[in-house]
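Visitor: Turn these sequences into a full structure, and let the hints steer you where they fit.
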Amino acid sequence: MLTYQFDWSVVTSGKYFEWLVSGCKVTLQISVVGIVLAFIVGLLIAVMRMSNFRPARWFALAYLEFFRNTPLLVQIFFWYFGSYKILPTAVNDWLNSTNFEFAAAVIALTIYTSAFIAEDIRSGVLSIPKEQMEAARSAGFSFLRSMQYIILPQAVRITVPPLVNQFLNLAKNSSLAMTIGVMELTYQARQVESYTFKGFEAFTAATVVYLVLSSSITALVHLYDKRVLNPNRAV
Amino acid sequence: MGELFNFNVITDNFTYFMIGRYPHGPLGGLGLTIYLAVASCILSFFGGLVLGLLSLVRNPFISYPVNLFINAVRGLPLLMVIFWMYFLLPALMGRTVPESQTVIMGLTLFTSAYMSQIVRAGIEGIPAGQTEAAISTGLKHWQVMLYIVLPQGLRNMIPSFVNQFVSLIKDTSLAFIVGVSELTHVATQINNRTMAYPTEIFIFIAVLYFFLCYAFTSLSRWLERRLAWRKAI
Numbered sequence: 001m002l003t004y005q006f007d008w009s010v011v012t013s014g015k016y017f018e019w020l021v022s023g024c025k026v027t028l029q030i031s032v033v034g035i036v037l038a039f040i041v042g043l044l045i046a047v048m049r050m051s052n053f054r055p056a057r058w059f060a061l062a063y064l065e066f067f068r069n070t071p072l073l074v075q076i077f078f079w080y081f082g083s084y085k086i087l088p089t090a091v092n093d094w095l096n097s098t099n100f101e102f103a104a105a106v107i108a109l110t111i112y113t114s115a116f117i118a119e120d121i122r123s124g125v126l127s128i129p130k131e132q133m134e135a136a137r138s139a140g141f142s143f144l145r146s147m148q149y150i151i152l153p154q155a156v157r158i159t160v161p162p163l164v165n166q167f168l169n170l171a172k173n174s175s176l177a178m179t180i181g182v183m184e185l186t187y188q189a190r191q192v193e194s195y196t197f198k199g200f201e202a203f204t205a206a207t208v209v210y211l212v213l214s215s216s217i218t219a220l221v222h223l224y225d226k227r228v229l230n231p232n233r234a235v
Numbered sequence: 001m002g003e004l005f006n007f008n009v010i011t012d013n014f015t016y017f018m019i020g021r022y023p024h025g026p027l028g029g030l031g032l033t034i035y036l037a038v039a040s041c042i043l044s045f046f047g048g049l050v051l052g053l054l055s056l057v058r059n060p061f062i063s064y065p066v067n068l069f070i071n072a073v074r075g076l077p078l079l080m081v082i083f084w085m086y087f088l089l090p091a092l093m094g095r096t097v098p099e100s101q102t103v104i105m106g107l108t109l110f111t112s113a114y115m116s117q118i119v120r121a122g123i124e125g126i127p128a129g130q131t132e133a134a135i136s137t138g139l140k141h142w143q144v145m146l147y148i149v150l151p152q153g154l155r156n157m158i159p160s161f162v163n164q165f166v167s168l169i170k171d172t173s174l175a176f177i178v179g180v181s182e183l184t185h186v187a188t189q190i191n192n193r194t195m196a197y198p199t200e201i202f203i204f205i206a207v208l209y210f211f212l213c214y215a216f217t218s219l220s221r222w223l224e225r226r227l228a229w230r231k232a233i
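These protein sequence lines map, in sequence, to chains A and B.
With the working numbering applied, the first sequence closes on residue 235, and no number is skipped along the way.
With the working numbering applied, the second sequence closes on residue 233, and no number is skipped along the way.
These are calculated hints, taken from the structure and not from any lab test.
Glycine included, each C-beta is placed from N, C-alpha and C at the ideal position.
Treat the hints with caution; some may be incorrect.
If you only want the chain B side, here are some residues facing chain A, beta carbon under 7 Å, derived [claimed, not checked]:
| no. | residue |
| --- | --- |
| 1 | 79 |
| 2 | 173 |
| 3 | 198 |
| 4 | 205 |
| 5 | 215 |
| 6 | 217 |
Short derived list, chain B residues pointing at chain A, Cβ under 8 Å [unchecked claim]:
| no. | residue |
| --- | --- |
| 7 | 11 |
| 8 | 14 |
| 9 | 170 |
| 10 | 188 |
| 11 | 213 |
The list that follows gives simulated cross-link-like pairs (lysine to any residue, SDA-like), each with its CA atoms no further than 20 Å apart [unchecked claim]:
| no. | chain 1 | residue 1 | chain 2 | residue 2 |
| --- | --- | --- | --- | --- |
| 12 | A | 25 | A | 191 |
| 13 | A | 85 | B | 10 |
| 14 | A | 85 | B | 192 |
| 15 | A | 15 | A | 148 |
| 16 | B | 140 | B | 124 |
| 17 | A | 85 | B | 54 |
| 18 | A | 25 | A | 181 |
| 19 | B | 140 | B | 156 |
| 20 | A | 25 | B | 75 |
| 21 | A | 130 | A | 107 |
| 22 | A | 85 | B | 140 |
| 23 | A | 130 | A | 156 |
| 24 | A | 25 | A | 14 |
| 25 | A | 85 | B | 152 |
| 26 | A | 85 | B | 199 |
| 27 | A | 85 | B | 5 |
| 28 | A | 15 | A | 196 |
| 29 | A | 85 | B | 6 |
| 30 | A | 85 | B | 4 |
| 31 | A | 85 | B | 206 |
| 32 | A | 85 | B | 75 |
| 33 | A | 85 | B | 188 |
| 34 | A | 130 | A | 53 |
| 35 | A | 85 | B | 200 |
| 36 | A | 15 | A | 195 |
| 37 | A | 85 | B | 203 |
| 38 | A | 85 | B | 193 |
| 39 | A | 25 | A | 230 |
| 40 | A | 25 | A | 145 |
Guide: Here is the structure:
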């Protein structure tokens, strides 16, 4: 190994640089699509979890426990290899007509992340004093309308930092999509390594991208915490 | 349902799912998954303890780089950490390293960074009065940490450690990437061999992982309630 020749030009220009850039794009694409879908599903599950309608509550509980206690990789394999037997033919046809690797990765990441988001939203809601709900109900709002107009707008404000962290987790977890051939950042770094044998450079490049992403998001959360949630707190 | 699903693929390969080729070959399947999780858990407990303590040291020349390292590891996907290990360990050690050891090292490094945050929170959760009282009785700083703060802090950390162990069980599935024949890898092998039953195979291992993880998640919740109850009296 002492004779290893560093060659950073491999990852800073040319074909391999373009591979890495396209990998970054795919990683961001999965993460953004995934977080939007996961937020919607997570919100739905959180509301079901807190509703008084028992079947909804049980469904939400089963959903949360099952998807949080199963490895993401297994979930990705399930959607990629095994979902065709349980999905309707129309859905299968539609999935096969799209980029199926990408779709399977997004479905798996959405469901996995939504379970964590639902719990974040729930603890945000639980931090709202319950008198708010009682007041809303006695003012004549239904449970869902109280949630919609009174509780959730306040809860979401508190839930922003954990949600942003879930986005970061999603971006990191999207690296597992390489196992089913989605050409995201980690996949491309591996490709560059196997084509050039410049593994050190390739992995350093990917590492730097992940670190820039995570540290800028962490900085944003700190800023939000300071400016929005606790604007009056002394330093 | 009977026509749609055929779970014979599970019963036919049951021992292979559970222990791989053992005892006629290396341990695999669920057995190896548990081995990887337990080994990495024990190692990362000590790793997390050391990193957590170092990150609280007053000397910034120690605490600053340690915190930087912890945050860097937490900012990376586990897959990336495993690739780094796969790639760097042989170079650093000057010999080839078995894949299972590579994975244990990767999991340990990754989980230690998360464990260090638990340790840190546990130590910071002990009231400052305890430290002040201990110091005024004449104990040195390291003695205060060892005899007063850590014994109380560690007890409060137990539920979080158990949760981290659940994450570790799930994370061992990534050993698949470097070809370690734990449960997920065994499942893909059987899937490649039989071709026709991916749904059955992946539902089966998902349920296996679920029961294993859910048992520990429940344990963690029970411990949390118990510790809260003990604090109340």
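Visitor: Residue 140 of chain B and residue 156 of chain B: Cα distance at most 20 Å?
Guide: Given pair residue 140 of chain B, residue 156 of chain B is violated - Cα atoms ~23 Å apart, limit 20 Å.
Visitor: Mind checking the alpha carbons of residue 85 of chain A and residue 203 of chain B for me, to see if they're no more than 20 Å apart?
Guide: 12 Å, holds
Visitor: Does the structure keep residue 85 of chain A and residue 5 of chain B at a Cα separation of 20 Å or less?
Guide: Holds, because 8 Å separates the two Cα atoms, which is no more than 20 Å.
Visitor: Keeping to a limit of 20 Å between CA atoms, is the pair of residue 25 of chain A and residue 191 of chain A held or broken?
Guide: Status holds; Cα separation ~16 Å.
Visitor: Given the proposed pairing of residue 85 of chain A with residue 4 of chain B, does the C-alpha separation stay at or below 20 Å?
Guide: 7 Å, holds
Visitor: Is the interface hint satisfied for residue 11 of chain B? The criterion is a beta-carbon contact with chain A at less than 8 Å.
Guide: Not OK, violated: residue 11 of chain B not within 8 Å of chain A, min 18 Å.
Visitor: Should the hint that residue 173 of chain B touches chain A count as held when the rule is a Cβ pair under 7 Å?
Guide: 4 Å, holds
Visitor: Please verify whether residue 25 of chain A and residue 230 of chain A have alpha carbons no more than 20 Å apart.
Guide: 34 Å, violated
Visitor: Given residue 14 of chain B as an interface hint, is its Cβ closer than 8 Å to any Cβ of chain A?
Guide: 18 Å, violated
Visitor: Does the closest beta carbon of chain A sit nearer than 8 Å to the beta carbon of residue 188 of chain B?
Guide: 7 Å, holds
Visitor: Holds or violated: residue 85 of chain A and residue 192 of chain B, Cα atoms, limit 20 Å.
Guide: Holds, at about 17 Å.
Visitor: Is the hinted pair residue 15 of chain A and residue 196 of chain A satisfied, with a Cα-Cα distance of at most 20 Å?
Guide: 11 Å, holds
In this structure, the hints that do not hold are numbers 5, 7, 8, 15, 17, 19, 21, 22, 25, 32, 39 and 40, in rising order.
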